[in-house]
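Here the protein sequences come in this chain order: R and Y.
With our numbering applied, the first sequence corresponds to residues 212 to 557, in that order.
With our numbering applied, the second sequence corresponds to residues 46 to 143, in that order.
Be careful, since some hints might not be right.
[Claimed, not checked] In silico BS3-like pairs for lysine-lysine, Cα to Cα no more than 25 angstroms straight-line:
{"#": "1", "chain 1": "Y", "residue 1": "Lys-139", "chain 2": "R", "residue 2": "Lys-275"}
{"#": "2", "chain 1": "Y", "residue 1": "Lys-139", "chain 2": "R", "residue 2": "Lys-409"}
{"#": "3", "chain 1": "Y", "residue 1": "Lys-95", "chain 2": "R", "residue 2": "Lys-476"}
{"#": "4", "chain 1": "R", "residue 1": "Lys-409", "chain 2": "Y", "residue 2": "Lys-95"}
{"#": "5", "chain 1": "Y", "residue 1": "Lys-95", "chain 2": "Y", "residue 2": "Lys-139"}
[Said to hold, decoys possible] Chain Y residues, not near chain R, derived (Cβ > 12 angstroms throughout):
{"#": "6", "residue": "Glu-89"}
{"#": "7", "residue": "Ser-90"}
{"#": "8", "residue": "Ala-91"}
{"#": "9", "residue": "Pro-108"}
{"#": "10", "residue": "Lys-139"}
It should be emphasised that the hints constitute simulated quantities derived from the structure, not laboratory data.
Just so it is clear, the structure is predicted and the values come from calculations on it, not from any experiment.
From the three backbone atoms N, C-alpha and C, an ideal C-beta is built for every residue, glycine too.
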Amino acid sequence: MRCRRNLYLWASLLLIAFSEVPAKAQDLVPVVSGAAGFIYSKDSGQTALQPILSPVVLIPLGSKLLVESNLEMQGFVARSSPGGPYEGQYFFSVNYLQLDYVVNSHLTIVAGRFLSPFNIFSERIGPIWIQNFQDGPLIYPIGTRTSGSSDGGMIRGVVASRPGWLLNYTAFFSALNNSQYFSAGRAAGTRVGLFLPKANFEVGASYERFLQDHHSNSYGGYFVWQPGTQVSVKAEYAHSPQGQGYWIEGAYRFRESGPLGRALKNIQPIVRGQQFYRLAPGVNDSLPRADTQRVDFGLNYYLPHEIRLNGSYGRQFSSTGNSNNWTLDLTYRFLFPVPFWPKGAQ
Amino acid sequence: MKVSRSIVVVLAMLVLSLLMALRSGARPQQAAAAPKTAAPKINESAEGEKRFRTNCGRCHHPPEDLSPREARAVLRQMRVRAMLSAEDERLILKFLAP
Numbered sequence: 212m213r214c215r216r217n218l219y220l221w222a223s224l225l226l227i228a229f230s231e232v233p234a235k236a237q238d239l240v241p242v243v244s245g246a247a248g249f250i251y252s253k254d255s256g257q258t259a260l261q262p263i264l265s266p267v268v269l270i271p272l273g274s275k276l277l278v279e280s281n282l283e284m285q286g287f288v289a290r291s292s293p294g295g296p297y298e299g300q301y302f303f304s305v306n307y308l309q310l311d312y313v314v315n316s317h318l319t320i321v322a323g324r325f326l327s328p329f330n331i332f333s334e335r336i337g338p339i340w341i342q343n344f345q346d347g348p349l350i351y352p353i354g355t356r357t358s359g360s361s362d363g364g365m366i367r368g369v370v371a372s373r374p375g376w377l378l379n380y381t382a383f384f385s386a387l388n389n390s391q392y393f394s395a396g397r398a399a400g401t402r403v404g405l406f407l408p409k410a411n412f413e414v415g416a417s418y419e420r421f422l423q424d425h426h427s428n429s430y431g432g433y434f435v436w437q438p439g440t441q442v443s444v445k446a447e448y449a450h451s452p453q454g455q456g457y458w459i460e461g462a463y464r465f466r467e468s469g470p471l472g473r474a475l476k477n478i479q480p481i482v483r484g485q486q487f488y489r490l491a492p493g494v495n496d497s498l499p500r501a502d503t504q505r506v507d508f509g510l511n512y513y514l515p516h517e518i519r520l521n522g523s524y525g526r527q528f529s530s531t532g533n534s535n536n537w538t539l540d541l542t543y544r545f546l547f548p549v550p551f552w553p554k555g556a557q
Numbered sequence: 046m047k048v049s050r051s052i053v054v055v056l057a058m059l060v061l062s063l064l065m066a067l068r069s070g071a072r073p074q075q076a077a078a079a080p081k082t083a084a085p086k087i088n089e090s091a092e093g094e095k096r097f098r099t100n101c102g103r104c105h106h107p108p109e110d111l112s113p114r115e116a117r118a119v120l121r122q123m124r125v126r127a128m129l130s131a132e133d134e135r136l137i138l139k140f141l142a143p
């Protein structure tokens, strides 16, 4: 019964999608973007090598619809025991596979599998070619359980926009899915953000109700501030019954002018501080087992052709043991049109 | 006790940042109000760059070498992700693929 209902739902969505393809669609071409990366890390003395391929496929359909998908293929190569041989494990995941229907600036309807819109890390700064530190924040599992993605529906848009401010919103519902590549938790949530364009400052809040097993609430807040073209400050706070914490990250891009401008313009020092407090024991919640503090320092170096070299050092303090974390990674961001697509009117 | 202290610290940082942002935001507003007589024709590419920096630059740098058809597809996704208006989309396209 449920299978037939799902079939009807997908058939309706496809019908809407393909009935929306007017002649103007010829101006649009599907593209493949994303990144390939290689991460070397030494975490608590354990060395790991992680090759990653994360393509994003965008298929615009007419003037209102878009199919977008992001797959991730990741390897994890490490010694199984101290002094033992390196062994590899490989993972494949579907981060999102969604159909977007842009009604207008105030409303976009999203159906399928999408990134859970809790705070901003997952949706905005999670991709490997964007995030400054390849280790995600300690509080990342809060609000993004169980897989970071949701299967269901979402609405989002701008509530109101004035020259001095803009208010945006997102609301979603996700169904439980235990399949290997589309796993998701049953949950509902919302996020609201206020952006002040003249100050380049955004502040927002998130709420999520986890609707399976023991129902629970998670909530959080974030801000992003860019006081100029060079400085960027981002922060998130998140709370769940199992724990709460925050991270704050600053990045500085050198100015091109000045005597050392040409040499320094591609360098971006970054720093991040985090604290996490365990409030109750949790099973498989992916959060640190005890109160944890961590500080990271890093450097991005932007090479030509969308290649970025990044190195970072982090020191973690916890009652379960302090540790040093070293990371060196190279990412290449690519973008090209889908081969053999008809050129159409252009 | 430790938990409530951290909440106070985070809230204090948030309020401080908001106050500083509002202060820095007041300056360009006053400067923009001054030249009323000139009324130059809007350079759409420059306006698109400004909107890119405001809306997209918070997370990433502009991509290199996009054809207009590729840029349209990418901007459709960004319209959903970054909640851009149709006008933002049009002007940023002028900047990315003039």
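Do the hints match the structure? See the list:
| no. | hint | result |
| --- | --- | --- |
| 1 | Lys-139(Y) - Lys-275(R) | holds, 20 angstroms |
| 2 | Lys-139(Y) - Lys-409(R) | holds, 22 angstroms |
| 3 | Lys-95(Y) - Lys-476(R) | holds, 20 angstroms |
| 4 | Lys-409(R) - Lys-95(Y) | holds, 11 angstroms |
| 5 | Lys-95(Y) - Lys-139(Y) | holds, 11 angstroms |
| 6 | Glu-89 | holds, 18 angstroms |
| 7 | Ser-90 | holds, 17 angstroms |
| 8 | Ala-91 | holds, 14 angstroms |
| 9 | Pro-108 | violated, 6 angstroms |
| 10 | Lys-139 | holds, 15 angstroms |
Hint check: a violation occurs at hint 9 only; the rest are consistent with the structure.
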